[in-house]
Amino acid sequence: MKGSTQVASINAIPEIVRVTLRQLMGRRRTIWLLLLAALPVILALLFRAASQTEIEPFTRIVFDTIAITILMPLVAILFGSGAFGAEIDDGTIVYLLAKPVPRWMVVLAKAVAVITVSIALSGTSMALAGAIELAPLGQDGVKAAEAQVLAIVVGSVCYASLFLAVSLFTRRALVIGVGYMLVWEGALSFMLPGIANLSIRQYALGAANAIYTLPVQESRLSADTAFILSGVLVAASLSLAVWRLMRFELPGGSD
Amino acid sequence: MTIEATPPAIELRHVARWYGNVVAVNDVSFGLGPGVTGLLGPNGAGKTTLLHMLAGFLAPSAGEVLILGRHPHRDPGVYRQIGLVPEREAVYPFLTGLDYVRFNARLQGLPDANRAALEAIRRVDLEDAMNRAIGTYSKGMRQRVKVAGALVHDPQVLLLDEPFNGMDPRQRIAMMDLLGQLADQGRTILFSSHILEEVERVGTQILVMVAGRLAASGDFHAIRALMTDRPHMITIRSSDDRKLATVLMADPAVFAVELTPAGCSVQTAQLGAFRRLIAGASRAAGVRITDVFSEDESLEKVFEYLVRR
Chain A
1 MKGSTQVASI NAIPEIVRVT LRQLMGRRRT IWLLLLAALP VILALLFRAA SQTEIEPFTR
61 IVFDTIAITI LMPLVAILFG SGAFGAEIDD GTIVYLLAKP VPRWMVVLAK AVAVITVSIA
121 LSGTSMALAG AIELAPLGQD GVKAAEAQVL AIVVGSVCYA SLFLAVSLFT RRALVIGVGY
181 MLVWEGALSF MLPGIANLSI RQYALGAANA IYTLPVQESR LSADTAFILS GVLVAASLSL
241 AVWRLMRFEL PGGSD
Chain B
1001 MTIEATPPAI ELRHVARWYG NVVAVNDVSF GLGPGVTGLL GPNGAGKTTL LHMLAGFLAP
1061 SAGEVLILGR HPHRDPGVYR QIGLVPEREA VYPFLTGLDY VRFNARLQGL PDANRAALEA
1121 IRRVDLEDAM NRAIGTYSKG MRQRVKVAGA LVHDPQVLLL DEPFNGMDPR QRIAMMDLLG
1181 QLADQGRTIL FSSHILEEVE RVGTQILVMV AGRLAASGDF HAIRALMTDR PHMITIRSSD
1241 DRKLATVLMA DPAVFAVELT PAGCSVQTAQ LGAFRRLIAG ASRAAGVRIT DVFSEDESLE
1301 KVFEYLVRR
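Protein chains in written order, with my numbering: chain A, 1 to 255; chain B, 1001 to 1309.
For the record, the hints were derived by calculation from the structure and aren't laboratory data. All C-beta atoms in this analysis are idealised placements derived from N, C-alpha and C, irrespective of residue type, glycine included. Treat each hint with caution, since some may be false.
Said to hold, decoys possible - Footprint (simulated), chain B over chain A, 3 or more residues, beta carbon under 8 Å:
| no. | stretch |
| --- | --- |
| 1 | 16-28 |
| 2 | 89-97 |
| 3 | 101-107 |
| 4 | 235-243 |
Isolated chain B, as found in the complex (with noise of 0.2 Å):
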């Protein structure tokens, strides 16, 4: 599927890798454009493995990986137009910051490795440490400096993965902006998280991974809002659960109630009247609750539903 109308400067066709029997990334397709996309997923769905294919350090298995028109894999030449933010932290502890950004500014081939470098450090907001080794930064300063690796050469692409790892929230708001500037300036950027609202700040478009497919493409809103309409499943246990069943089946935003032996176990659509549902059903029925609590809230629940639809 195809997210952008204009030729994509990311783009995989029926691209799939595996190790062995183990099927890491199956059979998917997408083609982006300049902005932001999020990609996102629980852990273990193929999102580094995707972003590895991506950045030229991993052969698809099958299909077709194509940066700006080129394959990545065996071509260091594109790397003139990538920028990458590995997720792993470490980074040359016993360069400074600025040694760090100049030396990939050398490596890059820039006539003026030191300006570039410089002003790469203060697009991250990064120039009081500059001067420190790497190795004294905390795990939000070292992501930073990576990020300024990565822009140094003003590069067309930028790929992150999971690149607020670590930063504090003032840290990944300023993250999130400069994001946003960069892709307003044209640039493509896709980024890995498997964190909803990380990807709901700064991603227009998402790609949603989960076992290693394609789940869901296209605008955040639209995949958001089949993520809140999915059916909740909450078990609640009280002092007479069967009693609250009964008063519980009756109301017409629940449309499933199950005993088990953890509790009442009741399915919904409208999360929100739910919670709201509960204190009165209780009154009404006579009983006291002692425990409320939602089965699927976890990401990889909601990506499983997304899979199923």
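Only chain A is shown next, with the shape it has when bound in the complex (with noise of 0.2 Å):
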């Protein structure tokens, strides 16, 4: 009996995970996400149309200032917090909890959701482009384009699950990665070398020398210290959304 409930428990990750995709695209900000992630492609194309033969300028601009700046961050974020932030406010979030499944696996199903989701758009868009401009250059374009969708996967992965354990803390959690993002990210991580060990760009950056060295200047983690450090913070951000879904409380009612 007990055996079978742990094999009833396991099934319901693809439930939860299928519904929340479909909550999650079903949402009208999502079509201006996809209009966002098809700016890569585009700019990619209108190189293609140039004959651009070098990696750095499509690099610096369409990875560097739009990719790994806006529409990863933006895309992670906005799914990581809105996961468990949309269901807590709109109070369906009971619907989920009232069941016997152990939260870690509620956790585990919601950031399977939001990192697809966030990888889907963000990760494809820079694939598309990556082949559309970088692939013809050569073997280092190829590198280089593989580079980047790696630095995208990495950097979904780290916004996603942060902001959703955020999301579990507060109602302000996209206001909080907004910020993070500008504010953080944006402008300190720029001005203060030594805060590289806690910037998700970083990380992502980081994680892109491990198959090519992008022309960006300001990378400073090694492969190997960027994948440990984003492990760190994925499992660390996880195990605190387990540990405050243990300790949820539906805030009271009017009664």
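Taking the hints as your guide, dock the two standalone chains into a single complex.
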């Protein structure tokens, strides 16, 4: 009996993933994110039309300025903070939590959903853009394209996990996320090289070094360090989310 | 106080819950066995807070909450035996009714989730709409699909927060009958309501909460009698309030009369007799009545009276 219970609980993960994906993809803001995700592809087509032969201009403008600075964090923060946040706001979280499903499975399922949808948008966008503009530039171009996709994947996993956890602590996770993206990553990490160990952007850029050293100026971490720090961040975020969900309390009603 | 002598499926022992300085539930104790129990009280009485504690979504600040002998807070396993219908209306709008109930069945780990979902939908009479997105449902249909989701795993304990909200009279009667059938099968059902008539029809036992405290508990009819026997305060406006007061004071159904700026304020324990009295009294006094209104007919007033008792 206990064995069948365990199997039933494991089966809950794909169910929660499926419902969460539909929930995230059905929101109006997803359309705006799709348009934003189309931007690198459109720019890659323009670069190709202009017959660019260098890796650097595309990497600097499309990857560095748009994809890793705006698109990837924004997509992951929006989905990460919305997976639990929207359900807490509208009260549907009750239907998920009033079930005999261990809380770590709920968090894992939510994380799988937000990471999947984040990578599907940002990663696919960057993969297509790289295939259009960089792949035709030869071996280095292919490696640069792969490195850029890896950076987007690592960054998406980190951002989505972190803001999934943050959304269980505050209803302002989205505001905090955008603030982090603009202030910490956008300004402070440039001015203060010492905070590279606390920068998701640096984790993403560092991970890319495992494949190819991208021509971006401020990559400060080795690939190994970046993977270790990313792993620590994701593990800590998801553990914190489980801890928080186990202690989750509904706000008091009007009654 | 214990309503059932058998080991209770739901038990609260000196439970309190406060938010900062605000006490939402104050020293509540009761035990419930199989049957339907209505949790009655005005808005703000603490009903939802109490149900949230029973459902494991709030830890009591003091005391102990037990469902089938287990503490529901931080024990997801207890949900195999609990079905919960929350007050909030939101249900995943993008899922069809069948998808939603099947989702509940799968999270409960049922071996044949589809069959269980279809059976639960049949019980709430929602087969015709089960393949439509919940976003297109009426309020009453959403209530019913929530009930189906809560019933799908055949729980021993059913907690429902204002389950009849938004239902039309026919749906209400059907839902009340369903709760009655489930109770007859040995389930323990607790539902909250602020409408006396809802409780009267379906609840054999009631718990009355007022301002966070358990004001009364037990058989519905005994408590209803207390409510009926309480003094009623009625204000009458007439062409000559003083004259009318003199005539009314002479009747044994009236035990206090006061002249106020609002009119002639009368206290009576026999509401029916007093209503019959007014017409004759006004004729005898030769005054014309312009307005009659009850000052304390709100449920809050009824409950306050119970607290004072």
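**Asked** Quick check: which numbered hints come out false for this structure?
**Response** Of the numbered hints, just 4 does not hold.
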